[in-house]
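Residue numbers (the working numbering), protein chains in the order written: chain B, 1 to 146; chain Y, 147 to 474.
A couple of the hints might just be wrong.
What the hints assert, rightly or not - Covered, in the sense of this in silico footprint (three residues per stretch, anywhere, with C-beta under 8 Å from a C-beta of chain Y), are these stretches of chain B:
#	region
1	94-104
2	114-126
Claimed, not checked - Calculated cross-link-like contacts (lysine-lysine; reagent style DSS-like; alpha-carbon spacing at most 30 Å):
#	chain 1	residue 1	chain 2	residue 2
3	Y	LYS170	Y	LYS202
4	Y	LYS202	Y	LYS397
5	Y	LYS413	Y	LYS397
6	B	LYS75	Y	LYS172
7	B	LYS103	B	LYS83
8	B	LYS5	Y	LYS170
9	Y	LYS232	B	LYS83
10	Y	LYS225	B	LYS83
11	B	LYS75	Y	LYS202
12	B	LYS75	B	LYS103
Think of the hints as simulated: they come from the structure by calculation, not from any bench. Note that the Cβ used here is the ideal one computed from N, Cα and C, for glycine as well.
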Amino acid sequence: MSERKMRVLIAKPGLDGHDRGAKIVARALRDAGFEVIYTGLHQTPEQIVETAIQEDVDAIGMSCLSGAHMTLFPKVTRLLREKGIDDILVTGGGIIPQEDIPKLKEEGIDMIFGPGTPLETIVKYHRENIVHSKNELEHPEDDTRK
Amino acid sequence: MNSNIPRMILGSNHMDLADRVLAKDKRAAARLITLIESEEEEAYEQLGILHASTGKAHIIGVTGPPGSGKSTIVDRLAKKIRAKGKTVGIIAVDPTSPFTGGAILGDRIRMVDLTLDEGVFIRSMGTRGHLGGLSRAASGAVKVLDAFGMDVVILETVGAGQSEVEIVSHAHTTVIVEMPGLGDEIQTIKAGIMEIADIFVINKADREGADKTAMEIQAMLGLNPEKPEWEPPILQTVARTDQGVDVLLEKVEEHYKYLKASGKFEKMVEMGIREELNTLIRGHLNRLADDMIDREQFDKMVNDILARKIDPYTAASQLVEDIENKLK
Ligand code: B12
Ligand SMILES: Nc1nc2c(ncn2[C@@H]2O[C@H](COP(=O)(O)OP(=O)(O)OP(=O)(O)O)[C@@H](O)[C@H]2O)c(=O)[nH]1
Ligand SMILES: [Mg+2]
């Protein structure tokens, strides 16, 4: 049995055209061995959720520098809840004022990464918070498996 | 959204995935493809259940050099197929880095308008070390979408150079997407890839040199002394503005009709099954060999080969003979 690969959707919601952060994060995750689905600019929350479903991703990461995060991010988590999906990690990044973070967390966004966050921090967070191998759970220390 | 509950446990029961796929549950289809990609035992059980419901989709392969416009063409083609009321599954393969094992799967960028279409399912895949332009899981994923009830399944390979001809054994109709201006045009279309094309498309015909590329392909095809039953048409498209894609769809449908009418379709499918069965048997035999080889004897042989006491050919025969004797 080959290993279960971690899959992450990196999405740019809304009309925001700042895509450097999203691309840099996508590349960092790829270089760390993740499969990254990148769908380009101007995604609606509905598109993001549907893509996450079809691609069966472990995490959705949204990048927003336009100031629209307070409407767009919660819309995604609400849609996920409506569809009964509670096993996808949701993160966000970009220009997000400190005072918005508690509210976003309340809405189900697991973590927010602001400007200047080292890429290793982002990679480490995803590694540690995506847990999905049955075998890992049953035999946490057993690496004699093939 | 993550309550730190492992996903495998959450969806703990995978035993009903096949039934849910047959009931057109996209999440089930998506999860089953994940299990196939991770080569989990349960995946094959579920695929086994689905087998009876497969064999209905027209499988179209789209291959060609990097950046020639494969994904854009797939997007346009899918929209036209949808306009005819048919449903479409898409598997798009992108390369996995051999160094990190990671991948950026970007084919969907060209297919964004299809995302919310109920009658479309798109899945991106990394090659995960598989050579040949596809991934090991691609054929399983095609079966899932076939059983799901997609009328057409389109399989986009990685940007293929010359030797990635594996697509032919997975697709009924193989479309090669070329583009003008790749320098010495014909260099990009080496023999192997020439022979697998059912349809040639020269995309980006808005650029200089499309006619020249078409002529060169024509000349290459003309070298074949035997006139084939199906002569691959050479089309020109501008996928970006949707030019020529309707003709492409016509040709794709024409090819499908030709396959059916000539009896080639049945033969092709049978060959595919033979190949698949062979591959599966070989997989089982490999595991059997792993289990049955006498490790001590094996290590001894290695030493003897090192010491030049025996040659590797004789050693291998002897080890296999031992297995055969055990099996008797
Ligand atoms: C470069 C830039 C541009 C470039 C964008 C190029 C591009 N293709 O991306 C250009 C010049 C085009 C541009 C245009 C505009 N910009 Co501008 N731009 C910037 C600038 C200077 C840097 C952004 C950047 O690329 N940073 C580098 C990347 C790597 O950092 P990052 O995106 O923050 O990402 C990091 C983290 O946030 C996090 N992260 C980000 N996304 C994600 C996602 C996930 C999943 C995770 C885990 C982490 C994560 O990780 C990254 C690494 O640490 C910022 C100011 C600033 N200092 O941020 C303004 C800024 C974002 N722009 C701004 C504005 C207003 C605009 C314009 C509207 C300006 C105008 N009037 O023309 C236009 C709109 C463009 C559009 N279509 O949307 C404002 C936004 C204000 C706001 N939100 O309230 C800013 C903040 C400047 C300011 N102080 O006013 N901009
Ligand atoms: N000029 C021109 N550009 C096109 C045309 N079709 C596609 N493109 C552009 O070519 C680029 C590559 O297109 P894709 O559809 O991603 O090509 P691809 O073959 O799928 O690429 P890979 O999957 O990376 O091998 C994009 O920028 C497209 O917009 C066309 O007909 N003319
Ligand atoms: Mg592509």
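Evaluated hints:
Requiring three or more residues with a Cβ within less than 8 Å of a Cβ of chain Y, the coverage given for the region 94-104 of chain B is violated, as only 0 such residues are present. For the region 114-126 of chain B, the stated coverage by chain Y is not satisfied: 0 residues place a CB nearer than 8 Å to a CB of that chain, which falls below the threshold of 3. Distance check on the hinted pair: LYS170/Y and LYS202/Y sit about 15 Å apart at the alpha-carbon level, within 30 Å; holds. Pair hint LYS202/Y plus LYS397/Y holds up; C-alpha atoms about 19 Å apart against a cutoff of 30 Å.
With a C-alpha separation of about 21 Å, the suggested pair LYS413/Y and LYS397/Y falls inside the 30 Å cut-off, and the hint holds. For a cut-off of 30 Å, the pair hint linking LYS75/B to LYS172/Y stands: about 21 Å separates their Cα positions. At roughly 22 Å between alpha-carbon atoms, LYS103/B and LYS83/B fall within 30 Å of each other, so this suggested pair holds. Distance restraint check for LYS5/B and LYS170/Y: the Cα-Cα separation of roughly 25 Å lies within the 30 Å cut-off, and the hinted pair is therefore satisfied.
Taken as a hint, the LYS232/Y and LYS83/B pair is honoured in the structure, with Cα atoms around 26 Å apart against an allowance of 30 Å. Of the supplied pair hints, the one linking LYS225/Y and LYS83/B holds, its CA atoms being roughly 26 Å apart against a limit of 30 Å. Restraint check for LYS75/B and LYS202/Y: the C-alpha separation of about 38 Å exceeds 30 Å, so the hint is violated. Taken as a hint, the LYS75/B and LYS103/B pair is honoured in the structure, with Cα atoms around 13 Å apart against an allowance of 30 Å.
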